[in-house]
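Just so you know, the sequences run in chain order V and C. If you count the first sequence from 1, you need to add 3 to reach the working numbering. If you count the second sequence from 1, you need to add 44 to reach the working numbering.
Because the hints were derived from the structure by calculation, they are not lab data. Note that beta-carbon positions come from the ideal geometry of N, C-alpha and C, so glycine has one too. Don't take each hint at face value.
Partial chain C-side listing against chain V, Cβ under 10 Å, derived [what the hints assert, rightly or not]:
(1) V102
(2) G106
(3) A157
(4) M172
(5) A196
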Amino acid sequence: MIAPHLPPLDAGLVVEHEQAHDAFAEALEHAPPVVGRLFVMLQRRLIVESIAYVQPVNSRIDQQVLTPAPRSFLTETHELRMEGANAVFRHLDGRAEMKRIGAIELVISSATPYVFHALLEGPAPSGIDMNPGMLRAYPFDWTPEENMFMHPPGRECPALVEGAMDLAMNAPAPACVRAAYLTFAMLSIHPFADGNGRTSRALYMAVAADGLRLGMDWGALEQWAVDRTGYIGALQAGQRVERYRGEDMNAAAFVEFGTKTSTYGAHLCRARLANMAERVAAVSEARGVDIRQATIVVAVQLYRVAARSQLAPLSVDADDLDGVLEGLISSGRLEWVLRPPSMRTRLVPDEHGLVDRG
Amino acid sequence: MNMVWSTEDDRRTMNDETVNDETVMLGVPPPAPEFPGIASIELLIADLDAAVALFCDVLGCGLLARGPAGLIAGEQAIIDVGTMTVTLLAAADSGEPVVLPDRTPRLASIELATSCAADTAVRCLRAMEAGLIVATGRRGEVVLPPEAIEGAIGWRVGIVLAAAHAGDGGSSGEL
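Go ahead and model the full structure; you've got the sequences and the hints to work with.
Right, here's the structure in full:
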């Protein structure tokens with residue numbers, strides 16, 4: 004058995020993708036640093052939710068909310084999936100930083116699928132030990148009404164994963180093509196007992212990172228979560244065979260879907276960043292506070308009820324953050340309240356949070 | 045005010061039609077004080093003939109309609125129980141338009157009647173602001189799918205919000 008082929012992609016789509024991400028990178032690099040950190044704070048949460056697939060609050064692809072509320076009323080499974088996805092994001096972020104300082108050449112490595120899977124399945128979100136970091140040894144089939152496609156036997160998985168990783172890391176194709184290809188290939192091979200979707204989406208991030216100026220595709224995975232139907236449709240369009248046969252499968256539809264959604268996501272990120280900058284400026288002007296204070300007020304608005312730990316990414320200095328918060332609280336602009344139980348999670352269990360009092 | 049990012053025919057435009065999100069719930073108007081009530085419940089059942097016989101022949105309820113389920117493969121019957129309807133849904137293991145993967149008999153969804161479309165919209169905004177998954181159904185109803193509700197009540201049931209008399213039954217929280 005062999006890994007699926009790496010398909011070509013229309014050059015125009017690649018150019019559009021590059022232009023959209025460059026324009027967003029330009030906007031982020033020129034935004035006030037504290038507004039940039041505000042954007043990263045929100046978008047990181049959305050990416051973690053998307054890797055974990057806890058589903059977004061709104062699934063209308065034609066009308067996407069610029070600042071969606073954090074998901075709440077999560078089940079134990081959702082929370083454990085979020086915990087694993089958060090660990091994966093930290094790993095990705097760390098690798099991107101190591102690449103930036105020249106310590107490593109690529110964000111992706113041949114060990115990445117196993118690291119991601121170990122991080123994602125380590126908390127055992129399904130309640131069953133799914134051999135974190137290890138390929139499956141047994142067959143895996145869907146129920147016929149879910150998916151007729153049959154994945155390869157467990158014994159074939161090591162070589163298939165190696166073949167797909169080799170193409171994703173070394174083929175002479177744009178990173179966005181290789182990234183979406185790897186997601187398609189991994190979802191088709193289904194090499195792990197569970198957690199294949201989460202691992203495959205995170206792998207997209209790792210490969211795409213190496214082709215982007217910001218070292219992070221901030222837009223794609225959110226779009227995959229919003230357009231879940233498109234995501235499944237593009238995947239299944241390349242699996243129109245009864246059982247896994249790499250030579251008969253076609254990743255083209257998924258690669259096109261991945262690139263288009265990444266492009267669209269970059270446009271949305273730019274609009275979101277601009278919206279945040281406008282909101283910060285408006286709060287600063289209306290309330291007579293400086294831009295750092297205004298940014299924290301907007302961050303509190305974005306979280307609806309913000310725990311102290313959720314605001315930490317906005318500051319490089321914890322004492323400084325506490326000083327700003329004290330000023331906003333003493334002036335009556337922010338107020339501590341009990342966080343709704345529906346918002347308390349394993350990652351953010353805080354009982355109290357801040358709300359904006361205007 | 046929270047802007048909505050929209051696209052039409054792949055043209056990316058900003059739409060200033062707003063969703064108010066000043067803070068959690070604080071910026072969203074309160075819902076109408078009165079809730080007209082439960083419009084219907086939907087039961088996934090194993091045997092439609094037996095279920096119809098129970099409700100109609102034994103309990104004396106009226107059969108309002110019986111036919112294809114519409115959104116999923118299967119057949120449904122709508123039963124008049126006075127102040128509300130009960131939709132009995134027998135999901136099939138094959139056929140069009142889609143096969144419901146989990147056909148285990150259960151309470152599938154509760155449809156709450158709102159006072160009007162605007163009331164539905166407000167309650168939809170409040171659900172989104174509270175961080176719940178929200179989808180819109182074919183007849184404009186708001187669907188909080190089982191995945192959203194499970195974390196609140198511990199079991200999987202959809203909640204549907206629709207203006208009273210917005211249309212016929214059959215919208216499943218499953219979809």
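_Min Cβ distance, G106/C to chain V: is it shorter than 10 Å?_
violated (33 Å)
_Status of the hint placing M172/C at chain V (closest C-beta pair under 10 Å)_ = holds (5 Å)
*If you take the shortest Cβ to Cβ gap from V102/C to chain V, is it below 10 Å?*
violated (33 Å)
_Take the shortest C-beta to C-beta distance between A196/C and chain V; is it under 10 Å?_
holds (4 Å)
*Is the interface hint for A157/C satisfied, with its Cβ closer than 10 Å to some Cβ of chain V?*
violated (23 Å)
When the structure is compared with the earlier hints, violations turn up for hints 1, 2 and 3 and for no others.
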